[in-house]
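Trainee: Chains A and B supply the protein sequences, listed in that same order.
Quick note: the first sequence, position 238, residue 237 per numbering that gives the first Met the number 0, numbers continuous.
Quick note: the second sequence, position 209, residue 208 per numbering that gives the first Met the number 0, numbers continuous.
In case anyone wonders, no lab produced these hints; they're calculated from the structure.
As the structure is a prediction and not an experimental result, all values here were calculated from the model.
Hints are not guaranteed to be accurate.
What the hints assert, rightly or not - Pairs of lysine to aspartate or glutamate residues, derived as EDC-like cross-links and limited to a Cα-Cα distance of at most 16 Å, are as follows:
#1 A:224 x B:466
#2 B:473 x A:175
#3 B:246 x B:284
#4 B:386 x A:101
#5 A:100 x B:393
#6 B:356 x B:325
#7 A:215 x B:274
#8 B:208 x B:172
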Amino acid sequence: MIKKRLVIIGGGSAGMAAAIKAYELGERDILIIEKNAYLGGILNQCIHNGFGLHEFKEELTGPEFMTRFSNKVNELGIDYRLNSNVLNISNDKVVTYSNSKEGLVEVKAEAIILSTGCYERNAGAIQIPGDRPSGVYTAGQAQLFVNCYGYLVGKRVFILGSGDIGLIMARRMTLEGAKVLGVAELMPYSAGLNRNIVQCLKDFDIPLYLSHTVKKVEGLSHLEKVTIAKVDEKMNFIEGTDITFDVDTLLLSVGLLPNVDLFNKLPIRISRTRGAMVNQAMESDIRGIFACGNVLHVHDLVDYVVEEAREAAEGAVQYLKGELKHEGHIYEVNPGNGIGYVVPQIVYIDDVKERLSFKFRVRKPYKDVDIYIKEGDKVIKKIFKPAIIPSEMEIVKLDKSLFSKESNEILVYVEERK
Amino acid sequence: MFDVVVIGAGCVGSLIARKLSSYQLNVAVLEKESDVGNIVTMANSAIVHSGYDPVPGSLKAKLNVLGNAMFDKISEELDVEFERRGSLTVALYDEQLPLLDELAKRSKENGVPVKILTSKEVLEMEPNINKDVKAALFAPTAGLVNPFTLSVHAMENACDNGAKLFLNEKVVDIKKEGDTFKVICASKNVYETKVIINAAGIYSEEIHKMIEPIDYTLTPRKGEYFILDHYSDSLVKHTIFPLPTSKGKGILVSPTTGGTYLVGPSAEVTFSKDDVSTDKATLDDVRRQASEMVPSIPFNQVIRTFSGTRPTPSTHDFIIGFAKKDDHFITCSGIESPGLASSPAIAEYVVNEFVSKVLSLEKKDNFNPYVRKRVNLAKMSPEERNKLIKEHPEYGEIICNCEKVTLGEILDEFKSSVPPMTIKAVRKRTRAGFGKCQGGFCQPLVTKLIAEHFKIPLNKVLYQFEDSYVVRYKVKDEK
Numbered sequence: 000m001i002k003k004r005l006v007i008i009g010g011g012s013a014g015m016a017a018a019i020k021a022y023e024l025g026e027r028d029i030l031i032i033e034k035n036a037y038l039g040g041i042l043n044q045c046i047h048n049g050f051g052l053h054e055f056k057e058e059l060t061g062p063e064f065m066t067r068f069s070n071k072v073n074e075l076g077i078d079y080r081l082n083s084n085v086l087n088i089s090n091d092k093v094v095t096y097s098n099s100k101e102g103l104v105e106v107k108a109e110a111i112i113l114s115t116g117c118y119e120r121n122a123g124a125i126q127i128p129g130d131r132p133s134g135v136y137t138a139g140q141a142q143l144f145v146n147c148y149g150y151l152v153g154k155r156v157f158i159l160g161s162g163d164i165g166l167i168m169a170r171r172m173t174l175e176g177a178k179v180l181g182v183a184e185l186m187p188y189s190a191g192l193n194r195n196i197v198q199c200l201k202d203f204d205i206p207l208y209l210s211h212t213v214k215k216v217e218g219l220s221h222l223e224k225v226t227i228a229k230v231d232e233k234m235n236f237i238e239g240t241d242i243t244f245d246v247d248t249l250l251l252s253v254g255l256l257p258n259v260d261l262f263n264k265l266p267i268r269i270s271r272t273r274g275a276m277v278n279q280a281m282e283s284d285i286r287g288i289f290a291c292g293n294v295l296h297v298h299d300l301v302d303y304v305v306e307e308a309r310e311a312a313e314g315a316v317q318y319l320k321g322e323l324k325h326e327g328h329i330y331e332v333n334p335g336n337g338i339g340y341v342v343p344q345i346v347y348i349d350d351v352k353e354r355l356s357f358k359f360r361v362r363k364p365y366k367d368v369d370i371y372i373k374e375g376d377k378v379i380k381k382i383f384k385p386a387i388i389p390s391e392m393e394i395v396k397l398d399k400s401l402f403s404k405e406s407n408e409i410l411v412y413v414e415e416r417k
Numbered sequence: 000m001f002d003v004v005v006i007g008a009g010c011v012g013s014l015i016a017r018k019l020s021s022y023q024l025n026v027a028v029l030e031k032e033s034d035v036g037n038i039v040t041m042a043n044s045a046i047v048h049s050g051y052d053p054v055p056g057s058l059k060a061k062l063n064v065l066g067n068a069m070f071d072k073i074s075e076e077l078d079v080e081f082e083r084r085g086s087l088t089v090a091l092y093d094e095q096l097p098l099l100d101e102l103a104k105r106s107k108e109n110g111v112p113v114k115i116l117t118s119k120e121v122l123e124m125e126p127n128i129n130k131d132v133k134a135a136l137f138a139p140t141a142g143l144v145n146p147f148t149l150s151v152h153a154m155e156n157a158c159d160n161g162a163k164l165f166l167n168e169k170v171v172d173i174k175k176e177g178d179t180f181k182v183i184c185a186s187k188n189v190y191e192t193k194v195i196i197n198a199a200g201i202y203s204e205e206i207h208k209m210i211e212p213i214d215y216t217l218t219p220r221k222g223e224y225f226i227l228d229h230y231s232d233s234l235v236k237h238t239i240f241p242l243p244t245s246k247g248k249g250i251l252v253s254p255t256t257g258g259t260y261l262v263g264p265s266a267e268v269t270f271s272k273d274d275v276s277t278d279k280a281t282l283d284d285v286r287r288q289a290s291e292m293v294p295s296i297p298f299n300q301v302i303r304t305f306s307g308t309r310p311t312p313s314t315h316d317f318i319i320g321f322a323k324k325d326d327h328f329i330t331c332s333g334i335e336s337p338g339l340a341s342s343p344a345i346a347e348y349v350v351n352e353f354v355s356k357v358l359s360l361e362k363k364d365n366f367n368p369y370v371r372k373r374v375n376l377a378k379m380s381p382e383e384r385n386k387l388i389k390e391h392p393e394y395g396e397i398i399c400n401c402e403k404v405t406l407g408e409i410l411d412e413f414k415s416s417v418p419p420m421t422i423k424a425v426r427k428r429t430r431a432g433f434g435k436c437q438g439g440f441c442q443p444l445v446t447k448l449i450a451e452h453f454k455i456p457l458n459k460v461l462y463q464f465e466d467s468y469v470v471r472y473k474v475k476d477e478k
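Here chain A stands alone, though its shape is the one from the complex (with noise of 0.2 Å):
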């Protein structure tokens, strides 16, 4: 059996910038173990600009983005895997991986990442109603299609789900000679970010259908129409508002959910994330095991993926020091009105060193709204938006001077100022 100090499972943008940040704090023995023939992860198929704001104050393009990690990696000369599947985390931390050069392989891990990313949900999870036809794909594998094989899956296409993947290929599509008839959308308002929503549908002129879902597919072998209606408030269809389309394409872009297949089958709460349950140091309830980037919860933005990863890499530095004591006072951090999840759910306040993040989302658009942070009775933190909205994730960073240790609960909430 292998010993390695550190394993990172993904090495997508997550992974990689997790490696590194654990090698600048003087981590040496790091593997980054990664199913592709690649690092980088989705960012490969993503070629549209937008990426690297924060991170390195320019747009870049995805593989733009990821190459500039991957350069880092091979400089720093970190020691990774490719065409490498994880098929097993133990409890202690064996990791067994296959691969066709080395056949399974067993590693005792000392600490371990998990950057496993996300997936797509999918017609079969959203229990999508009518015909079985061809034709109905997640917006993220037409996205590959085209981007990384040449083919258009179709070129009328109807998309459901103005998440971010399926703003960003309905412009794709058009560009490559698709029509792109329209997006619905379930709630009264986008799920993808605003920017995407200008520069995908408005300047194509592409129709948003807010309140509106798809209540029919038809095509007994290929994809035919494609119905949609509105819905009311309880989300039930609105009589005579049915719209049909004809079309050989669906995408969709309902949602991303964390690919925690390796966890299933260990002691590790999930949260309201459906990722991994964790504490201030993105640590699971197994002590030495670690998540981050969108396998811990779905991100807008890849900078903040990084930036999450880098407080994985160091937790996982601190616990290979021994300095993740889990002693002391402990607080449980949960989500009050209007919030979706907070990341971390716990936090060991003893063991921050400065400061902590905490990662959330608001569960439905706000205009002129406080974020209170608050501990027991107190409000630690209060934080004035003029708006906010739940495809965009807050963060609000924290003095460890700020909490007082007087309570054990946490509550994140907003209110709306009258």
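Given chain A, put chain B in place with the hints provided.
Mentor: Relative to chain A, chain B alone:
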């Protein structure tokens, strides 16, 4: 000239072809789909019923019980996933208890071993069943089977023993000239044969009508299901049934041989034999009824919903036998539930009772009942697996992450005498794409593998049906 043409390559047609291939006969199988087992065999509960439910004395009762008993041997020979888990038919209300006794009596008449369990015994076996359960009928012989590999491997075994499979051959007419049938296909191909066996599933009515008027009808009845991912490995260990009604055995909750869970089916009459659509109201009803039996079903782990059609005969029993006017036409119509469980016995019955009356059956000396054994990575020790990967590196490379299917397993299927030609055919054989991402990650890779193997462009790879291309246009191609 063939001795026998089997029309339809579902599990019934495939197992009949396999049985026939053990004799010195020239056998052809005509299948309208692009793969075997694509319609009725594709979408059902994947259960080998014990036989407690069919009316005593019926063909269903007889063939179900006989068929069930054959599964240990046939699953071994055909390398098919089969687990004799047992089933529990649960009574949730006191007024259902007499019905349970009635079923127990029926089971005895059918020769099915059963036992009535008390509420306590049931909850010990299945802690997730509704705590209000009053009693249950335990049928230990019930099993789970993989219907996909059953039909595929039966047909592969038939082909390995000399039968010929013709896919994408839709029979449109049958003519008889002297002692010869001419089976005419939509492709204009004509197959001449002495004997026809009609195993055309939901369309066996139409095939039968090509040679004579018939006095039965087949109503397509649709069953809608949920498939749940295999996270909670202890949701239920047995197949859990409600008490049967006139509409069927009811909505079950069952493990599958793939480690996932099935919840369903509904049972609605549908207007079209090709209708495999699902709808929210029906699925909501399935969910409600199933949750009554097993309240903790994690519906947030649904990975797919689907529906399948069953050929429900107006006679309420399997219709197996000679055509009235021609004893060289043998029909197997109305093979609805428990058709899967009965299928090995149906094959024996058709060949022994009917084919044997019109053709002389002489055993082949070199008939091999075993299908080429597949590599089973899950059952291998790490050492065995490493040895295999050293010799065949493709077994180290994983294509489907959700179901952990390797490149080696997919490439191996192409070597079969019934190779997968579509995305769905690869799924059925290997489970690649059956998991929670539903092929989101692996479908492009599988598409490429099919294109490479058959030396066709990527935009000629089909999902399943004619015209169901996975990708339709090459980028920057004006055509």
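Trainee: Hint by hint, note whether the structure agrees.
Mentor: Against the structure, the hints come out as follows:
1. A:224 x B:466: Holds, because 15 Å separates the two Cα atoms, which is no more than 16 Å.
2. B:473 x A:175: OK: residue 473 of chain B and residue 175 of chain A at ~10 Å, within 16 Å.
3. B:246 x B:284: Holds - the C-alpha atoms of residue 284 of chain B and residue 246 of chain B are around 15 Å apart, at most 16 Å.
4. B:386 x A:101: Holds, because 11 Å separates the two Cα atoms, which is no more than 16 Å.
5. A:100 x B:393: Within the cut-off at roughly 9 Å; holds.
6. B:356 x B:325: At roughly 12 Å apart (the allowed maximum being 16 Å), residue 325 of chain B and residue 356 of chain B satisfy the hint.
7. A:215 x B:274: holds, 13 Å
8. B:208 x B:172: At roughly 10 Å apart (the allowed maximum being 16 Å), residue 172 of chain B and residue 208 of chain B satisfy the hint.
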